[in-house]
Structure formats: C-alpha cells, structure tokens
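Residue numbers (the numbering used here), protein chains in the order written: chain A, 1 to 743; chain B, 1 to 207.
For the record, the hints were derived by calculation from the structure and aren't laboratory data. Keep in mind it's a predicted model, so treat the numbers as computed, not measured. C-beta atoms are modelled at their ideal positions from N, C-alpha and C, and glycine is treated no differently. There could be a bad hint or two in this list.
Claimed, not checked - Computed list of lysine to any residue pairs in SDA-like fashion (alpha-carbon distance at most 20 angstroms, straight line):
hint, chain 1, residue 1, chain 2, residue 2
1, A, K53, B, M1
2, A, K53, B, M29
3, A, K53, B, K172
4, A, K53, A, Y66
5, B, K172, B, T65
6, A, K53, B, K88
7, A, K53, B, T33
8, B, K88, A, D28
9, A, K53, B, R35
10, B, K88, A, W27
11, A, K53, B, G36
12, A, K179, A, Q637
As the list claims (entries may be wrong) - Short, incomplete list of chain A residues facing chain B, as computed with Cβ under 10 angstroms:
hint, residue
13, G73
14, L75
15, P77
16, K78
17, R234
18, D243
19, V303
20, P673
21, H675
22, V677
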Amino acid sequence: MARAPVSEEELVARYGPHLNRAPPGGWDAGVDPDRVVNTHCCFCGQQCGIKLKVRDNAVVGFEPWYEFPFNEGKLCPKGVKRYLQGSHPDRLLHPLERDPTAPGGFRPVSWDHALDRVVGEVRRIQAAHGNDAVAMLSGVSLTNEKSYLIGKFARLALRTANLDYNGRYCMVSAGTGNKKALGIDRASNPWSDIPLADVVWVAGSNVAETFPITTSYVWRARDRGARLIVQDPRVVPLARTADLFLGVRPGTDSALFGAVLHQLIRHDWLDHSFIDAHTVDFDLAEGACAEMTPRWASDVTGVPATRIEQAAEWWGTASTGMLLHARGIEQQTKGVDNVLSAINLGLATGKFGKAGCGVTTITGQGNGQGGREHGHKCDQLPGNRDITNPDHRAYIASVWGCDEAEIPGKGIPAQEIIEAIHAGQIKGLISICFNPAVSAPDANFTAEALGRLEFYAAIDFFLSESGHHADIVLPGSLHEEDEGTSTSGEGRIIKINAAVTPPGEARRDWEILLDLAERLGRGQYFRYTSTRDMFEELRVASAGGTADYSGATWERIEDEMGLFWPIPREGHPGTPRLYEGGRFYHPDGRARFHGIPFRESAEVVDDEYPIWLTTGRVVSQYLSGTQTRRIAGLVDQYPAPLCEMHPRLADQVGVAEGDLVTVTSRRGEMTLPAHVVTTIRPDTVFIPYHWPGTRSANLLTHRAVDPASKMPEFKVAAVRLASAGGRSSTTDARDLELTEGPS
Amino acid sequence: MTYTSDDDPIFVVDQSRCIGCEACVQACMECGTHRGRSLIHLERVDPASTTQTAPMVCMHCEDPTCAQVCPADAIKQTESGIVQSALKPRCIGCSNCVIACPFGVPKYMAELDQMMKCDMCTDRTSEGLKPMCASVCPSEALWFGTIDEYNASRRGSLLRDFFFGRQDVRTKVYAVVDDLSAGPIDVMGGRQSSWLDDPFGLEEARP
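One chain only, chain B, in its complex shape (with noise of 0.2 angstroms):
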C-alpha cells in the first residue's frame, strides 16, 4: 500500500490505545535513515500502579521550538514539513533543543555528540510507504493513513492545536482525544468511578 501526495496522509497518535509491546521501539532501529538505533520514546508512566505506556513520536510542529533554540542553525525541515534530525557538521551537542522541545523528543546521542529525533522515516515516507512505527503497531495506537481513512475508521477527535503557557504549537502530527467539542476538562471536578478504582473488589464488602 502506497500513498501519493495528493492522499496528504497524516500521523495519528491515540495514547489510549497503547499496550506496551514496544514493537515500535524495536521497528524504528529498522528504520533506513538511522539503523540500529531507535529513536521513538515509550514511556512507562507509573509502572507500579498501572500497565499504561504512551508512545511519542515527533511531533513535527509547524514552527519547531527545537529549531528555534538551536545556536547553530543545525535543525532544518523538509519542504514537507518534517523536522529532520540535526545536521552532523552543524551540531554542537548542547541539548539546548533537548529541553526546549515541549514535547521531551529530540535524543542527544552521546557516542556521536549529535542531537537525533524521529524523522517520520523520510526513507519511506518520501516513497509513499508508511512509517516503520505506524506500519508494526499491534493496536494501531500509532496509525499513519489518511483522513478519510482515519474518520471511516476511528473513534475519537483529532488535535494538532497545542497550548504551552502562551506559546501556541502546531502540530503536523495528530494526537487523539476522547471528544474535543465537550470543551475543557476540569480535572478538579467530580469523576466517575470504575472498577479501576479497586480491581480486585479489595475495598468492596461482600454481600
């Protein structure tokens, strides 16, 4: 399955999806443009109380923070927006695109003293294929096809408009949220309880 330009396919990220397997850890060190070493992030987010992971890709922000804090001019896009890794000649390995990145994705690769950062596979993508990531992923929490293809498909809104205190980023990449048009979730209000709060009725008397 090939994609041409004019099907403009884009790069979903639902975190709910996600089941841990790190099939997209171990695909993207198959990736042509930086073999052997994977450059996708897979985080463990509270391993002790919960089996939830959340895989992070680029983002590849339409204005890109990590290029914008860069001294030296070392982190370019392509004429189709993505944000390339930063240009070995130019790198002066001072991670300053390392913390700045809003989104925690560029990688400072001590043994080469070079910032690295997922380039959506340009080795595919510029051929029509998608991503090695979106081609393995088991529950298609990562998901790379076209919009058509997603809304036919898929539950849940797309968003690519994030806040960072007062700074607005645009994303190429999409994330998904339970319902966008429900508005503002208030995180101090009152929340539905599930059997998640107790998963083995520990709490719950016994009739």
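So here's chain A without its partners, still in its complex pose (with noise of 0.2 angstroms):
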C-alpha cells in the first residue's frame, strides 16, 4: 500500500522540509573546528574541493580548499552552504514503518523489524510474481563505490533484471551519444584545455548557474581572445557577453548543427586528412545535411541564418575550439541525435585529441560520471560493460565468484519502471538516492505508479516526496558521513573523506545493503568490511574495460589531487585528455560520423497548445531539492518556480510581472507567478523544476523518450497559458523557518 500515510500538510510539519540557517550552536558558536577534512562538495558534476569544519562530530563550516586544481577554492552558493545539510532537524535518524495512525504517518521501527519486513515483502512478491517483479531505483548521488555494491546487490541479492539509476533523466544521451561516436562514454578533455580554445561553444547548457566553475574557465579563455558562441532559447547569464548568440526554439538543435556542418562542408573548412585517418562513414553525414541550408535552418530553428553561417565560420576557421554541452540539447526525444550531430562538428573539423580541441558534455549530477561507468545501469556491468555480451558477463561471473547465469539479462530503463510499477507488473521497489516523485516527467502519472506499488522501500536521509509513499525508510548516509571515490565530470576519479558519523540509528548505506543481502541468503557475496574493499574489486572488475580503473589507488588519488581515467595498470600516469593522436574506441580505432536528418519533438505546439515549454534549473537549487530545499540560504535566493516568458506574450496572456498564470499541457496544469524578461523566446516559457506537488514543472512535462538513450524529453513540451488572476502572495521567509525541532 504505497501511498502517502498522512495529509501532505501533516507529512511536510514533521519531516519538512524545514529550513536550516545557521550551523550548530548557532553563528555566534564561534569557527574553531576540532578537524578540517579534505572533501569535494556534493553539488554537481563539478565536484569542487572543500575544506569541511568539524566539531563534536558535526560539521560547523567550511574552507576553501585553494590547492585543490579544478577550482582553487571557487564555490557556487550550493556549495557554500553546503555544509548546513548536516545537523538538519529533518535529518532521518531512526528506521520508519508506515502508519497513517502515527503522528507524521510513520512510526519508529527497529533495524531488525525494518530489514525483516523489506526482505519478507520482496520474498512474497517475488514468489508470487517473478524476481524481476521487484525493482531497484538508484541515483548517481553515490559513490563509485556504492555505485558499484548497488548493482551488484541488485543483480545477486535481489536478482532482479530490473535496476536503472537517475542518470537516466540527465546524462544518459550523451553517454549513448559519445559511444556510437566515439567508442568511450568520458569528456573528451580536461577542464584545462577550455582556456586554450580559440572559439567556445555552448550549447544548450546554462553554465552560469548550473556549472558556475566552468564560467572561469570560458572567461580566462575569452582572455586570451577566445570567440564565445551560446545557444540557447534563453540569453543565459553566460549568453550576455557572448560574441555570438543562437536563440533556438526548443527541439531544434540538430538542425542548427545540421545546418552548420552544410556550411562546412560547402566552404571546405574540413580537417580532410582528419577525417580520411580517423573517422568512417563521413559520406552519410554529408548526404543527411546536404539539403540543410542555413536558410532552411532559420525557418526550423528561429535564429537568423546570418548567425548560422558566422558560427559555422569561427568552428570551421579556428585552429582550436571546444564545444560544450548539456541537458539543453540531451533532454530530448531526439537527445542522442542532437549529441552525434555535435560530434560530426568536432570530428570534420578535426577538433578531437588535441589541446584546446574537444565535444564534450558537462555531465550534471555528483557523481553522473563515475555513476554511470560500473554497473549501475540496466543493460550494464562493471567497466561499462554491456550485460549481454557473453564475455563480459563470464568475465564479470569471475570477479564476484558466481555463476554467469545468476547474472539476470537486461533490465528496463528508469522511465519504464515507472510505466511498469503503473501497469502492475513491478509491484516492490527499493529505492535510493532517487526522488523519482520530483524528477520523473508527468508527475501526476509517477504519483498514481507509486501509489499502486504493494511495498516500497527507500534509504534515505532525509525524507523525500518518494518517500512519502514508502512502506519502510531506511535511515542511510550523508555524502560527508562515508569515505569513498567518485569521478568528476572531467573524468577525474576523485577522493570523497568521511567528516562524521550518521547521526542517531542511521546507518551508511553500504552497511544496510549488506545486511539485506545477508537476510536475502545471499551474504556470500558481500563480504565487505569497508568501502575500501568494493574498491579494490571495482578496480578488478572494471580492468579490460572502457571505463578502467584498475591502476587506480587510493592513495594516488589522494596525493595526485585526483586521476583521470583510463588507467589500465599501476604507474600509469591517466589519460587526461582521450583521443590523442586520433585514436578511438572503436575496435578499429576510427570515429564514427553519423547521418542525422531532422525529426520534430514528440510534441509539438498546436492551436490548442502553442507556446513551448522547456525546464531547467536555478544556481541556488540541485536536482529535485531534497537536499537544497532545506538550506535557509538558498531558498531565500529562488523560493519556489516562476514561469519565464517575454513581454510580447506576457501582453497577449493579459499578465505583467508577478502576476499569477496557469500553464496547461496534456498531462496537468500549475499556477504559478509570471517573471516577465526579454532574455527569452517570445514563443518559449521557462519554468524550474526542482519543487513538488502544485510546484512542480514536471506536471506539465511528457513521458516521451529518446529511442537510444530513454531519455525524457524534459525540454520540449507544448503547453497554454491563461491569466489566473490576482498576483504572487509575498511570503516571508521566516515563516518557513523551525521554531522548535520535532520530537
């Protein structure tokens, strides 16, 4: 019975979020740490250095960490506040068991009855219904580590086919992408080669605010004289300097990079010995834009075609250049369309394998690298292995000991284990680190699959919007409550230092998955004393694969301020920069082109519905907010989503600045107050999607996914907008502040 015990009012009163402001013992409490550990924030893909203060076992402030290289010190607000997401009053400090007659919904349980109960259910269900009829949902929150326990607790404790990660709604085209292309899944370059490019591309990735760091690099870039295109239906902070801006209507990207590799091809800005070593299939590339003018572009893409030949110009002219993206141009149904065509700009040109040359994707969550590299994934195993092949499997068989055919086959995808949970036919889930509640597109329809849920099980650490629905929560970790390694977006494998110990009954999240796996039977194969273990065989288990981390210590990692995978043996020095030399991944070491000829979004804008919707998120915010939400600090810089539009339909909805709107789409509708900007397309809105319930931009998003990659199509939607009356009620922010913990 999967549905939320409690009123949301009641559930929200003693679980929050509430609003943390000031560190423990208050700002007056004084800094004098007893210990400073060397951490990186949890924020993002960027995974910057950070000094964390501890006192008491509670971390009470932070220090830049200037020696650590990708970011000297440099924070975003996340990251700043950061440190306030311990000693939390919502912090989940003992095992719960559902109980609508409980104050709250949930009733404290101990260890021992809340592992029971998760094992006795999945046992039932899966006598009842078949192993794969209980799921597994995990977030890329965690550590390589856990990344890596996780998929093989579900393979060989819970034996389910069925276990994908929240990757699946942020990084997961462009990984497809840049394995069609490429033969590897990692940024092509270091952060270090941006300053070296003489033109920066960024496409569809809103830098500013959701990599504030990477903004350094772009500007010490544009020091040395660097050209600054931005493409985006928004001009972004970053866009307002830029030397060149392409507006795109949503959905359109691979027509504008279509239309651009027409106009190099045309004016022979080709890198031909490039292409003839290193690359194939370059012909079906050319026949697939042949008739992509940048005429015919402007009329699918909105930007002048002006602006198309002059961007084709600067990438196919500059000696070097960089072409960034993001979950601008990957969230689409045509997300993986969008990357290839990206990376035929790069692989003509020969901007691959040299510094200062690189496509690459800004990967979006903590550990959205490291996350998607070792198991983690439903068609995947450790090394970024595929689960269907026969050699990976045996050889994968070898590592944990088992049987090759006690290693289920392929699962499905995040977005279909919703739509199945919603059909009836996964009926248990064990979540962790994933609010599926929040993130998942069309929020009404996750909800009514939640609810339909006969047990649900999350690990969490504080109680997410899922976690309303579940039947058990499993108090797990903070990020700076356990020790282990995670992979920046760079590619850098780096060291994540325990601070603390969880607080109250809370356990590390290893330790509970290995003590289900133990109640499972199946403890044999989880004979762990430490996250160091799971290392060492995640290092023997990735050796031979793409994603190879088997020269990989520790140590090195801690004294070499992080390592950049691949690292086949010990003593390798890393492979900062892939593709030198033009070499691929490909068995035959050549890159491959692709053909991508237009196709429209899933959904298109009608007379019904004519403005476009496109999601995205705000600087103070991370992901669906369980963590940000509960930080005073940040709420107060963006507290809850306003709809972006340009005046020109701000004046034909009949609505000024702070008036209330409703946006309707198929799925639902939301009211919420208008910013009204001329720094977005007159036919495009924007809404942020990090809030729950009557909040959430994802009731107006569409399940539609990329055929590759699964992905959702968060950025492109069609929605109608009318004028709700009245205006945005001011709230003040102390009146969402805890006055007094819960008991």
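Once you've looked at the hints, go ahead and assemble the two chains, each given alone in its own frame, into the complex.
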C-alpha cells in the first residue's frame, strides 16, 4: 500500500522541508574546529574541492580548498551552504514504518523489524510474480563504490534484472552518443583545455547557473581572445557577453548543427586528413545535411541565417575549439541525435585529441560520470561492460565468484520501470537517492504509479516526496558521512572523505545493503568490511573494460588530487585528454560520423497548446531539491518556481510581472507567478523543476523518451497559458523556519 | 595559498564577469567578523531586460567619505587602509555614511542600531588569506592576488581613481575597465550594433 499515509501538510510539518539557516550552535558559536576534512561538494558533477570544518562530530562550516586544482577554492552558493545539510532537524534518525495513525504517518521501528519486513515483502512478491517484479532505482549522488555495490546487490541479492539509475534523466543521451560515435563515454578533455580553445561553443547549457565554476574556464579562454558562442532559447547569464548568440527554438538543435555541417562542407572548412585517417561514414553525415541550408535551418530553429553562417565560419576556421553541451540538447526525444550531430562538427574539423579541442558533455549530477560506469544501469556491468555480451558476463561472474547464469539479463530503464509499476507488472521497489516524485516527467502519472506499489522501501537521509509513498524508510548516510571515490565531469577520479559518522540510528548506505543481502541469503557475495574493499574489487572488475580503473589506488587519488581514467595498470599516469593521435575507442580505432536527418520533437505546438515549454534549473537549487530546499540561504535566493516569459507573450496572455498565470499541458496544469523578461524567446516559457506537488514543472512534461537512450523529453513540451487572476503572495522566509525541533 | 605583506595583494572587482550566482552573498555570511550577516551588495541591474548583475564590495577609500561625514567619529581605518564597520559604542545610527558613500556600501542594521560594512574579511586577510567572496567567486568577478598575477592572467585595465563631481576618490580596491588608455567614453556617440540589440532576431528580416 504505497500511498502517502497522511496528508501532505502533516508529512511536511513532521519531516520538512524545514529551513536550516545557521550552523550547529548558531552563528555566534565560533568556528574553531576539532579538525578540517578535505573532501568535495556533493552538488553537481564539477565536484569542487572543499574543506569541511568539524567539531563534536558535526560539520560546522567550510574553508576554501585553494590547492585543489579544478576549482582552486571557488564554490557556487550551493557549495558555500553545503555544510548546512548536516545537523539538520529533518535528518532521518530511525528506521520508519508507514502508520497512518502515527504523528506524521510513520512510526519508528527497530532495524531488525525494518530489514525483516523488507526481505519478507521482497520474497513474497518474487515468489508470487517472479524476481523481476521487484525493481531497484538508484542515484548518482552515490560514490563509485556504492554504485558498484548496488549493481551487484540488485543482480545477486535481489536477483532482479530491473535496476536503473537517475542518470537516465540526466546524462544518458550524452553517454549513448559518445559510445556510438567515439566508442567510450567520458568527457573528451580535462577542463584545463577550455582556456586553450580559440572558439568556445556552449550549446544547451546554462553554465553560469548549473556549472558556475566552468565560467572561470570560459572567461580565461576569452582573456586569451577566444570567441564565445552560446546556443540556448534564453539569454542565460553566460550569454550576456557572448560574441554570438543562437537563440534556438526548443527541440531544434540538430537542425542547427546540421546546417553548420552543411556550411563547413560548402566552404571546405574540413580537416580532410583527419577525416580520412581517423573516421568512417563521413558520407552518411554529408548526405543527411545536403539540404540543410542556413536558410532552411533558420526557418526551423528561429535563428537568423547570418548567425548560423557566422558560427560555422568561426568553428570551421579556428585552429582550436571546444563545444560544451549539456541537458538542453540532451533531454529530448532526439537527445542522442543532437549529441551525434555536435560530435560530427568536431570530427569534420579535426577538433578531437588535441590541446584546446573537443566536443564534450558537461556532466550534471555529483557522481554522474562514475555512477554511469560500474554496473548501475539496466544494461551494464562494471567497467562500462555490456550485460548482454557473453564474454563480459563471464568475466564479471569470475570476479563476483558466481555462476554466469546467476547474473540476470538486461533490465528496463528508469522511465519504463515507472510505467511497469503503473501497469502493475512491477509490484515492489527499493529506491536509494532517487526522488522520481519530483524528477520524473508527468508527475501525476508518477504519483499514481508509486501509489500502486504493493511494497516500497526507500533508503534516504531526508524523507523525500517519493519517500512519502514508502512502507519502510531506512535512514542512510549523507555524503559527508561515508568514504569513497567519485568521478567528476572531467573524468577525474577523486576521493570523498568522511567528516562525521551517521547520527542517531542512521547507518551508512552500504551497511544497510550488506545487511539486506545477508538476510536475503546471499551474504556470501558481499563480504566487505569497508568501502575500500569494494574499490579494490571494482578495480579488478573494471580491468579491461572501457572505463578501466585498475591502476588507480586511493593513495594516488589523494596524493595527485585525482586521476583521470582510463588508468589500465599500476603506475599508469592516467588519461586526462582522450583521443590523442586520433585514436578512438572502437575496435578499428576510428570515430563514427552519423547521418542525422531532422525530426520534430514528440510533442509540437498547435492551436490548442501554442507555446513551447522548456524546464531546467536555477543556481541555488540542486535536482529534486531534497537537500537544497532545506537550506535557508539557498531558498531565500529563489524560493519558488516562476514562469519566465517574454513581454510580447505576457501581453497576449494579459499578465505582468508577478501576476499569477496558469500553465496547462495535455498532462496537467500549474499556477505560478509570471516573470516577464526579454531574455527568452517569445514563443517559449521556462519553468525550473526543483519543487514537488502543485509547484512541480513536471506536472506539465511528458513521458516520451529518446529511442536509443530512453531519456525523457524534459526540454520540449506544448502548453497554453491563461491569466489566473491575482498576484503572487509575498512569503516571509521566517514563516518557513523551524522554531522548535521535531520531537 | 597565503600572501605576505611583501606580496602586497590587491582586491579587484570586474563587474563584466559577474554571473549573478550569489556565491559571494552566501560566503560573506561565513566571514569571521560578521557571522550570519552578508555585507556585500549584488545588484540586479535591470532584471526585466538583462541578466547583468553587479557585485559591490567596499572600495576602501584612502580618505573615506563615510568617516568624514560621521558625526560620532565611529568609522576607523586600520593601518593597512581597511575601513571598518562603525564602532558599536560610538555609532548613533544616523546613516549619514549610508547616504554619503559614493559607492553605496555601508548598511544600517536596524536590529543592531549600527552601521556595518565590508571589512575585506580582516580575520582572513590579516593572516594572508583571500577574503571569502574573492575566494569562492566562480567567475573571478571578485578577485584577490598580486598585480603580477593579475597581469599574467587577466584582460582589462585596473582603475582606482574616481571622480564624483568635485570629489576625487582614490580607493584601495581596483575596478576593471576595458581599456583605460582609450580615454573618456563618448556616451552620446555612435555605438556598435550587436546581437544584444535583438537577441532572437525578431526585427531581423529573414532572407
């Protein structure tokens, strides 16, 4: 019975989000720490170095870590306030069981009771409906060690094929495109290459708000005289001083890239020797873009043809250049097409494998890179191996000490898991660090699906909105409560150090999973005494795979401030820049061009729903907000979603700044204040997605996915707008603050 | 990384680099001398039509106007030229300094009945550390280091002489302008067109 046990209001009153404003003991408590721990920020794939100040087993502040080379002490507001998530009044301290008669809808239970209940329900459902009727959804806020463990836990302890991860909603189109074209899924360059580029092209990435530290790298390129091109439906903060702005209509990026390739060919701005020596299938790409003139692309994208021609000339004639892309082009039903057509531009001009040259995604989630490499995905085994490949299966079975037949086959991806729950095919769910109630598309459908589960166990540190549906809640660990490694967006393996131990009865995530495995009768595969044991096994399991960590040691990772994989043997220096010498990772060493004809998005505007909706993030919030909606300073900065729209559209709708507007799609509707700005296309509205319930932008988005990556189309939907009458009420932040801790 | 007095590090503000993320606003609260209170200013210049934002720290004038106009003699400079918050026992809360400062820096804190302002993180800079805001700033709009480091890595001229009517103000903190040697800017003259005039090509005729 996975319905919320009590009303939303009662759940929020008991479990938050409440706002933590000051460090433990208050601002006047002084900052003399017992010790200072070098670790990393948990928010976003940049993984900035940070020093956490610890006193009496509580994180009480931070100090910039100037020596860490990626960010040299820099932090965004999330990083600055990151330390306030510990010692939070909402922190889960005891295992909980759903109980509509208990205050807040859950009653504390013993660990034995909670774990036995989980195991009993898993066994009951699997006996009646088969092993795959229990699914696991995981998250890439977790370390490499935990990601690896969860891949193994789902396959060998739960014995289900149906494990997938929340990177399915984040980086997976980039990963799929990278593998198809380049044979490996990693950032093409270390970020130190960005300042060496003569052209920096940022496509579908609000760098200033979602990867703020990357801004300094772009500015350093500009200090050298580099040209900056920004491609986005909004004049995002980075674009303000760009040399060229390409204000694309949502969902048309591949048309723009196709027209640029068309121009490169027309003017022969091509690197023929690179194409001949290091690639195949150029003719396919050439054929697909033959009719994609700038004029045609201008009609499709809304970008003036002269600007498309200008972008092509700058990219085609520069000796170095980097194209950085992110969710804007990737979270579409043609996300993989967009990525492949961007890679085509790099291959055509030989901009790979050299200083200041590359086409790369900017990975979004904390461990979005490492978490997508070691068996966390429905079709994957450690080392980025293929779960359907008999050789790969046999090798991993030898590492795990199991029979190859014990490893289940390919499972279904995250969005299909939610669909299968809705359809009644999957009846049990274990989740960890994944909040689909906020982050999945079509939020009404997701809530309905979670309500149909026969049993749901959630492992988390705060009670997320998905956790509201849980039968059992297991209090796991925060980032600063456990030790391990993660891999930043650059492909740099870094060390996460524990600052404190889990509070109350909360436990480290991996200890919970080991206990569950033991109770499921599969403890023989999980004889670990620390996360370091898991890393040592991961090294062996990844050896020979494309994501090869076998030469990395925790000592070297710390001593050298990170190591770039592939690092295939001990003593290997690591591989900061991929593809040097034009060597790609397909068996023949060559990269693949792809022919990308243009196709429309799954939903297009019409008379009934005439406006494009695109969704995204703001700088002060992270993903589904489970952590950042609990930190006062970050909430003050952007307290609730606004509907960003151009004054021409606002005039048509009849609203002004701050007026309430109702936005309706075929899935649902929401009412929120208008934010009227000239920095967005007049045919498009933007709503950030970090909030739950009636404030969720995902009430409007749809469930169509990319055919290859299975990424939902968060960036393109059709909506209509109407004035809702009235103005937004001014909330005093003090109303939201907790005056008294929960009992 | 720490600096000694021989290094003579400088504080630089380059508004053109600001991305409005407010990392400085959040980090200012972490300064040891005014914990929990942010004293930096981050202006949204014209949010309806641009994402331009402008951070403002105290410029630490050599002869600070705020101190000149203070009737209670509550505003003092350190030996190294840092202009401090009003001394609590002296401050009468009159806000003369708030009105008079040519850069709009001092803040009157009603709940304390005291003027507070940026003190360039005296707790940090006195120990050779960078101030909080210039440590964390992701875009290096707020920057702290030596002149040599600046010249080796950055573009733009450093400026610290300002003219407000008949008042000449020399500051300890530097602002960055495009090219100081280019002379006065002709604000009435013709200007170069750019995509910013029409970001989405709404007025541009399609070919």
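In rising order, the numbers of the hints this structure does not comply with:
Of the numbered hints, 3, 6, 12 and 20 do not hold.
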